[in-house]
Amino acid sequence: MPIHEKSLIRPENLKTHDSLILDGVDVSGHWSTFIESRVVADYNEAIEDEIAALPGGEHIHRCWQCGSCTNSCTVNAINPDFNPRYWIYLIRMGMESELLRDKDIIWQCVSCNKCTYACPRDVFPEGVMKATSHWLELKGHTPKSPSMHFDEVFTEQIVKTGKIEESRTIRRFFQRTNQGLLQDWMLEMVKQLLRGLPIGLLTRMGLATFVAPRTSNWSRASAAMQEYIDEQHEKQEEALSLAQLVKAAQEDVAA
Amino acid sequence: MTTKDKYKKVAYYPGCALEGTGHAYNRSTKAIGKKLGLDLVEVKNWNCCGAMEVKNVDPKLQTYLSSRVMSVAANEMDMDVVMAPCNGCYHNLKKAEYDLKNDKESVEVVDRLSKKAGHKTYESGQVETIHALDWIKDAIGEDGLRERVKNSLSGIKVANYYGCMYTRPRHIFPEKDAGPGSESTSKPHFMDDLLAAAGAENVDFPLKTACCGGAHTLSDSDTSTKLVLNILKAAKLAGADVIATECPTCHTGLEMHQIRAEKRLGVKVEIKILYFTQLLGMALGLKPKKVGVHENISSSLSFLKERGLA
Numbered sequence: 001m002p003i004h005e006k007s008l009i010r011p012e013n014l015k016t017h018d019s020l021i022l023d024g025v026d027v028s029g030h031w032s033t034f035i036e037s038r039v040v041a042d043y044n045e046a047i048e049d050e051i052a053a054l055p056g057g058e059h060i061h062r063c064w065q066c067g068s069c070t071n072s073c074t075v076n077a078i079n080p081d082f083n084p085r086y087w088i089y090l091i092r093m094g095m096e097s098e099l100l101r102d103k104d105i106i107w108q109c110v111s112c113n114k115c116t117y118a119c120p121r122d123v124f125p126e127g128v129m130k131a132t133s134h135w136l137e138l139k140g141h142t143p144k145s146p147s148m149h150f151d152e153v154f155t156e157q158i159v160k161t162g163k164i165e166e167s168r169t170i171r172r173f174f175q176r177t178n179q180g181l182l183q184d185w186m187l188e189m190v191k192q193l194l195r196g197l198p199i200g201l202l203t204r205m206g207l208a209t210f211v212a213p214r215t216s217n218w219s220r221a222s223a224a225m226q227e228y229i230d231e232q233h234e235k236q237e238e239a240l241s242l243a244q245l246v247k248a249a250q251e252d253v254a255a
Numbered sequence: 001m002t003t004k005d006k007y008k009k010v011a012y013y014p015g016c017a018l019e020g021t022g023h024a025y026n027r028s029t030k031a032i033g034k035k036l037g038l039d040l041v042e043v044k045n046w047n048c049c050g051a052m053e054v055k056n057v058d059p060k061l062q063t064y065l066s067s068r069v070m071s072v073a074a075n076e077m078d079m080d081v082v083m084a085p086c087n088g089c090y091h092n093l094k095k096a097e098y099d100l101k102n103d104k105e106s107v108e109v110v111d112r113l114s115k116k117a118g119h120k121t122y123e124s125g126q127v128e129t130i131h132a133l134d135w136i137k138d139a140i141g142e143d144g145l146r147e148r149v150k151n152s153l154s155g156i157k158v159a160n161y162y163g164c165m166y167t168r169p170r171h172i173f174p175e176k177d178a179g180p181g182s183e184s185t186s187k188p189h190f191m192d193d194l195l196a197a198a199g200a201e202n203v204d205f206p207l208k209t210a211c212c213g214g215a216h217t218l219s220d221s222d223t224s225t226k227l228v229l230n231i232l233k234a235a236k237l238a239g240a241d242v243i244a245t246e247c248p249t250c251h252t253g254l255e256m257h258q259i260r261a262e263k264r265l266g267v268k269v270e271i272k273i274l275y276f277t278q279l280l281g282m283a284l285g286l287k288p289k290k291v292g293v294h295e296n297i298s299s300s301l302s303f304l305k306e307r308g309l310a
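So the protein lines, in turn, are chains A and B. Numbering (our numbering) for the first sequence: 1 to 255. Numbering (our numbering) for the second sequence: 1 to 310.
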C-alpha cells in the first residue's frame, strides 16, 4: 500500500449536487461527485532564492522530494498539515499562494532535528523551516510568531548581559505577546516547587530578578554582536527586496 | 594520557539553566563529582551558549557565543576538556566545533567578533566538549561505579530519556556511532549503562530520543503538552517508576507539562522525574538534599523513602 502522506483534494473542492441535470444526464448525488480543479497561475520564481538567502535555507536546492523529513517529523505526527516535504516543493516551484495557505503553522517546527537526521541530501530541513517562517514575517505575510518573539527577547538579553536569567526572559516574553503571567498551571508549578522548601534556590532566583547575572567585561562583545546583527538584517532586507516592497506599498496608498 | 585520566579534571560549563530552574542538576553533578574524586573547574566568566533561540536570529552569532566559552577554557584556563551537563550547551559547543572545522564563513565571523570583543579566537580542536554522561562513563566507568554503590537502585524501574540535542543532528557528533563502546545516535545507552551499574532496572523505552517540544515550551505550549504527554504515557506503559533525564530543558519541560496536562486536559500521569545525576548520587550514598531533590518541581521524596533511598 502506498504511503498516504498528503491528499491534494481539498474538502471544499468536492462538489456534489442534490439535483443537477447536465446535457440531459442526471448527475445528482454522490455517485457523480465533481472535483474542482486547482488552478495555480501566480508562480513566484524568486521565493527559492529569497529563502536560500536567509540563515538555514541555504541548502533547499538539494531536495529531491523523498519525504524522509515529513515521515520523521515530530509536529507532522500531531498535525498532518505540517508537511516540510510539501512546503519545500512549493517553494522550489514558486507556488506562493499554495504556500501561504499554511503560513500560520510553519513557525511551529520544534527544532528536534529528526528531519536533518533523516535527510539523505543534507537539505537541513529544520533550517529551511526557520528560514521560511522568517521569510513569511519579513514579507509581511504573517505577524511575528510567538516563537520569534521569544527568540528575540532571549537574544536581546544575551547581547546585553551575556547570560540568561529565566524569570526575566519569561516575564518579558509574556509582556510582548500580551499574555497574563499568572496562568493556572504556572501557579501550580510554583506551588509544587515551594513544597520542597528549596530555600537556597529561591534566594538565588529571587536575587537574580533584581540583579541580572551577567558576564563581566561584556560591553565590547555586546557592541560587536549588535553591529553584526544589524549588518545581517540589512543584507536580508536587500536579498528580499524589502525596500522595493515598502515603496510599492506606499505608492499604492498614495494612489 | 588515557581518556580516564584526562577526564579526572575538566573545565565545567554549567550554563544559564543550571543556575536557575535546573539548579538541581548543577547541585547533583557537582556532588557526584566530589564523591567520585573528579575535579570540576568552572569556566571563568562564562556566557550563554545561545541556547535554542539565538540561532533563529542568526546561527553564526550562536557559533560565536559557544566559541567564546571554549576560547576561555582553552586560552585562559589551559584546559583541554569542557564538560557541559546541559544538552543545549553540549549541543551548541559541538555544533560550533563542527562549523569552525568545516565552514570558512563561520571561522571569519567568529574571528572578527572575537577580535572586536577583545579575546583570543577559538580554533577548532583546542578543546574536546563532552557531556556529563561521557564524563562519568569514561572517568569512572560501570565497574568503577559498581564498586562504589552504597544504596543499590535495585527494584527501581527507569525509563532513560535523552531528548533531541544529545544525538541530533548526527554530523556534529563524529565520535558517536563509531563502533563498539561508542554512543549510539539512534538508541543511546550511556545513561542506561550507568544506572544499570548502580542497580536500576532499565525498561525498554521507545521514546528515548523523542522531542519534548522544549523549544516551544512557552511559545506553543499546547504542542509541548501533547509531546510531553506522549513521553510520560510511553514511559508509564513501559512499566517505569521514574524517568531519568540528562537535560535541564527536557527535565523542566516534563515537569511543567505534566502539571499543565493535568490542569488543561485533565490527564494525570503519575510518574517521577529525576536527573540521572540525582539517582546516581543517591546510589553513591548521598542524601536527597545533597543532590537537590527538594529543588525539583515534581515531588519524589515519598517515593524515594519508600524505596530506601532517602
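If you're looking for bench data, these hints aren't it; they were derived computationally from the structure. Fair warning: this is a prediction, and the values are worked out from it, not measured in the lab. Heads up, a few of these hints could be off.
[To be verified] EDC-like, lysine to aspartate or glutamate: derived pairs with alpha carbons at most 20 Å apart:
(1) A:Lys-235 - B:Asp-78
(2) B:Lys-44 - B:Asp-78
(3) A:Lys-191 - A:Glu-166
(4) B:Lys-176 - A:Asp-42
(5) B:Lys-116 - A:Glu-227
(6) A:Lys-160 - B:Glu-255
(7) B:Lys-104 - A:Glu-58
(8) B:Lys-116 - A:Asp-81
(9) B:Lys-116 - A:Glu-166
(10) B:Lys-272 - A:Glu-237
(11) B:Lys-226 - A:Glu-188
(12) A:Lys-235 - B:Glu-262
(13) A:Lys-163 - B:Asp-138
(14) B:Lys-226 - A:Asp-184
(15) B:Lys-101 - A:Glu-166
(16) B:Lys-35 - B:Glu-142
(17) A:Lys-191 - B:Asp-78
(18) A:Lys-139 - A:Glu-227
(19) B:Lys-115 - B:Asp-103
(20) B:Lys-115 - A:Asp-23
(21) B:Lys-101 - A:Asp-104
(22) A:Lys-144 - A:Asp-42
(23) B:Lys-226 - A:Asp-81
(24) A:Lys-191 - B:Glu-175
(25) A:Lys-103 - A:Glu-156
(26) B:Lys-268 - A:Glu-188
(27) B:Lys-263 - A:Asp-104
(28) B:Lys-268 - A:Glu-156
(29) A:Lys-160 - A:Asp-230
(30) B:Lys-226 - A:Asp-104
(31) B:Lys-104 - A:Asp-81
(32) B:Lys-263 - A:Glu-188
(33) B:Lys-104 - A:Glu-188
(34) B:Lys-115 - A:Asp-104
Now the hints, each set against the structure:
The suggested pairing of Lys-235 of chain A with Asp-78 of chain B is violated, with an alpha-carbon distance near 38 Å, which exceeds 20 Å. Of the supplied pair hints, the one linking Lys-44 of chain B and Asp-78 of chain B holds, its CA atoms being roughly 11 Å apart against a limit of 20 Å. With a CA separation close to 18 Å, the supplied pair Lys-191 of chain A and Glu-166 of chain A stays within the 20 Å bound. Straight-line distance between C-alpha atoms of Lys-176 of chain B and Asp-42 of chain A comes to about 47 Å, which puts the hinted pair past the 20 Å bound.
Annotation: proposed proximity of Lys-116 of chain B to Glu-227 of chain A holds, straight-line Cα distance about 10 Å (limit 20 Å). Distance restraint check for Lys-160 of chain A and Glu-255 of chain B: the Cα-Cα separation of roughly 30 Å exceeds the 20 Å cut-off, and the hinted pair is therefore not satisfied. As the CA atoms of Lys-104 of chain B and Glu-58 of chain A are separated by approximately 15 Å, the hinted pair is consistent with the 20 Å bound. For the hint linking Lys-116 of chain B to Asp-81 of chain A, the alpha-carbon distance of about 45 Å lies beyond 20 Å, and the restraint is violated.
Restraint check for Lys-116 of chain B and Glu-166 of chain A: not satisfied, since their Cα atoms lie roughly 28 Å apart, outside the 20 Å limit. Our distance criterion of 20 Å between C-alpha atoms is broken by Lys-272 of chain B and Glu-237 of chain A, whose separation comes to about 49 Å. For a cut-off of 20 Å, the pair hint linking Lys-226 of chain B to Glu-188 of chain A stands: about 19 Å separates their Cα positions. Of the pairs offered as hints, the one joining Lys-235 of chain A and Glu-262 of chain B is violated, with about 46 Å between alpha carbons and a cut-off of 20 Å exceeded.
Proposed proximity of Lys-163 of chain A and Asp-138 of chain B is contradicted: the alpha carbons are some 30 Å apart, above 20 Å. A hinted pair counts as satisfied when its Cα atoms are at most 20 Å apart, and Lys-226 of chain B with Asp-184 of chain A qualifies at roughly 18 Å. A threshold of 20 Å between alpha carbons decides the hint, and for Lys-101 of chain B with Glu-166 of chain A the separation of about 32 Å lies outside it, so the pair is violated. At most 20 Å may separate the alpha-carbon atoms for a hinted pair to count; Lys-35 of chain B and Glu-142 of chain B meet this at roughly 15 Å.
With a C-alpha separation of about 44 Å, the suggested pair Lys-191 of chain A and Asp-78 of chain B falls outside the 20 Å cut-off, and the hint is violated. Only pairs whose Cα atoms come within 20 Å are accepted, and Lys-139 of chain A paired with Glu-227 of chain A is rejected, the gap being roughly 23 Å. For the suggested pair Lys-115 of chain B and Asp-103 of chain B, the alpha carbons sit about 19 Å apart, so the restraint of at most 20 Å is met. Under the criterion of a C-alpha separation no larger than 20 Å, the hint pairing Lys-115 of chain B with Asp-23 of chain A is inconsistent with the structure, at around 80 Å.
Restraint check for Lys-101 of chain B and Asp-104 of chain A: not satisfied, since their Cα atoms lie roughly 37 Å apart, outside the 20 Å limit. Distance restraint check for Lys-144 of chain A and Asp-42 of chain A: the Cα-Cα separation of roughly 25 Å exceeds the 20 Å cut-off, and the hinted pair is therefore not satisfied. With a C-alpha separation of about 16 Å, the suggested pairing of Lys-226 of chain B with Asp-81 of chain A holds against the 20 Å cut-off. Restraint check for Lys-191 of chain A and Glu-175 of chain B: not satisfied, since their Cα atoms lie roughly 43 Å apart, outside the 20 Å limit.
For a cut-off of 20 Å, the pair hint linking Lys-103 of chain A to Glu-156 of chain A is broken: about 26 Å separates their Cα positions. About 14 Å separates the Cα atoms of Lys-268 of chain B and Glu-188 of chain A, which keeps this hinted pair within 20 Å; it holds. Taken as a hint, the Lys-263 of chain B and Asp-104 of chain A pair is broken in the structure, with Cα atoms around 26 Å apart against an allowance of 20 Å. The straight-line distance between the Cα atoms of Lys-268 of chain B and Glu-156 of chain A is roughly 37 Å, outside the 20 Å bound, and the hint therefore fails.
This hinted pair checks out: Lys-160 of chain A and Asp-230 of chain A have alpha carbons roughly 15 Å apart, not beyond 20 Å. With a C-alpha separation of about 19 Å, the suggested pairing of Lys-226 of chain B with Asp-104 of chain A holds against the 20 Å cut-off. Among the hinted pairs, Lys-104 of chain B with Asp-81 of chain A is inconsistent with the structure: their alpha-carbon atoms are about 37 Å apart, more than 20 Å. This hinted pair checks out: Lys-263 of chain B and Glu-188 of chain A have alpha carbons roughly 9 Å apart, not beyond 20 Å.
Restraint check for Lys-104 of chain B and Glu-188 of chain A: the C-alpha separation of about 49 Å exceeds 20 Å, so the hint is violated. Under the criterion of a C-alpha separation no larger than 20 Å, the hint pairing Lys-115 of chain B with Asp-104 of chain A is inconsistent with the structure, at around 41 Å.
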